[in-house]
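Number of protein chains: 2
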Amino acid sequence: MRIEKVAIVGLGLLGGSIGLAVKERAPGTTTTGFDTDADVRAKAAERGLVGTVCSSIGEAVSDADLVILCVPMGAMEEAARAMASSLPLNAIVSDVGSSKSGLEKTLSSALPGRHIIPAHPVAGTEQSGPEAGFASLFTNRWCILTPPENADSRAVDALSEFWKDLGARIEIMDAEHHDLVLAVTSHIPHLIAFTIVGTASDLEDVTQSEVIKYSAGGFRDFTRIAASDPVMWRDVFLSNKSAVLEMLGRFTEDLTALQRAIRSGDGETLHDLFSRTRAIRKQVIEQGQDDDRPDFGREDHV
Amino acid sequence: MRIEKVAIVGLGLLGGSIGLAVKERAPGTTTTGFDTDADVRAKAAERGLVGTVCSSIGEAVSDADLVILCVPMGAMEEAARAMASSLPLNAIVSDVGSSKSGLEKTLSSALPGRHIIPAHPVAGTEQSGPEAGFASLFTNRWCILTPPENADSRAVDALSEFWKDLGARIEIMDAEHHDLVLAVTSHIPHLIAFTIVGTASDLEDVTQSEVIKYSAGGFRDFTRIAASDPVMWRDVFLSNKSAVLEMLGRFTEDLTALQRAIRSGDGETLHDLFSRTRAIRKQVIEQGQDDDRPDFGREDHV
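Protein sequence lines, in the order shown, are assigned to chains A and B.
Here the numbering used here is used: the first residue of the first sequence is 93, the next is one more, and so on.
Here the numbering used here is used: the first residue of the second sequence is 93, the next is one more, and so on.
Bound conformation, chain A alone (with noise of 0.2 Å):
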């Protein structure tokens, strides 16, 4: 099983970063590429995010060897059954979606019998759309497939080596481990940057220009990821539910705790912790997954 023709169904960040990643460092492999909004496709044109801008679905996917479902997770079921009259039969369906449990399902009750392979190569940035794609996107980054049980091992052979070519790294896991795992590493992070920029906002006592002015003291950070892309994010939160709720109330707990701390001044506990999560950093640092520069390198001081 090769793949030589790669059809890529939303040409956003995601989609487009694909497309722009394939040219550059899998010159012999094709694209098509498909977006239900017509700017986007005029946009992806212009950029060159794929060899051709479809102006249907069937027309992209129909002489692929692999489609990549780019969409937000709500749009993932309407955009199979769009293209299920189209697909060739040996294709290998996958997509780039941040949630796992319910996709495989969805998928091959909109496409039986067929090659259906769930990944989410877990990489972006807080922009979206057709502009915001670049080809080093994947560059060091891990790619999760989670491929079925009865999943053919030559199809995820197959998109594994896809996915290396583009620079990412490879691991497989079953779909529910891969909803807890990036419940905590990036849906519970998102959600409680959306809240803290929400509540901010919302203040009587305090200005939101005051907010904004003094934003270097850490929350300029969070308004960062709570400027990710409100459809997307809305709909991996209605798609991970119980993962995001689970690990919502363990975040929550913590929290109570130290809380208690705080109002019982118990320095010792608050200390213990700190010195904890900084070693964390480090971690994160040494397995080259950030900038080590202080501050991510930012260089709006000078």
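Be careful, since some hints might not be right.
Cut-off 27 Å, straight-line C-alpha distance, at most; resulting in silico cross-link-like pairs (DSSO-like, lysine-lysine) [stated by the list, open to error]: (1) A/Lys-135 / B/Lys-135; (2) A/Lys-97 / A/Lys-197; (3) B/Lys-135 / A/Lys-374.
These are computed hints drawn from the structure, not numbers from a lab.
It should be emphasised that the depicted structure is a prediction, and the values quoted were computed from it without experimental measurement.
Given the coordinates of chain A, assemble chain B onto it according to the supplied hints.
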């Protein structure tokens, strides 16, 4: 009142950055410095953080027009008492502490009758110690002064000019309001970052190695803030207890409302909030309070 001789007490990230900024931007001003830690003094001398590293606090302040306390909140009183007998009568005493309400009382009780003008430059990185400072730390950042009601306006003006020379912009407000504003723009963001990093590293069903591998989904941003100096932050929470608990209460209410929206599948509430928070980011960028490149301009992909 002219500031020509500045004594810096505490030669970590903030103290060291002040020394380096003076050297670069106010070359007519001389600096002395002291730190209770002999290793820090040695490193400060090696890096030339101040003109003269002194072996006692008394020696450092004995000829100063301005003394800036750059020590954790919990060490302010001891530092003020230790320098009391050596401090010139007309010297201005200021600081860089993150909470302000209790400080003026603490300092004026240790240094009765002196010019005490508390200040807080809203600037920093996750690093600490004598090797972490750099001259441009305060460029384009706000420095908030919280002079007591009876403060000598010439002292306030002189301190304002000093910080402007270092590249900062000046705001004056009362100490209680400062503490509320900083609780939301700095202290709560740090508290929730410390919490989620702690929560993530304590899970049994998700390993610490998984948390680190997949941290690019959002979590890694929080690890940076949660790598901040443990002693400094312990003291921030203990010294700004009431404003922190007040703002934490509001954050928790908002988080509970979002939890309910997720549980009930209320996508509209989620989408509305996520659209509003995206607009805040835009203002942070427009007002020069953050790097406008995607992902803060991180270069770890390349």
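Verification of the supplied hints:
no., hint, result
1, A/Lys-135 / B/Lys-135, "54 Å, violated"
2, A/Lys-97 / A/Lys-197, "25 Å, holds"
3, B/Lys-135 / A/Lys-374, "22 Å, holds"
Violated hint: 1 only; the structure is consistent with all others.
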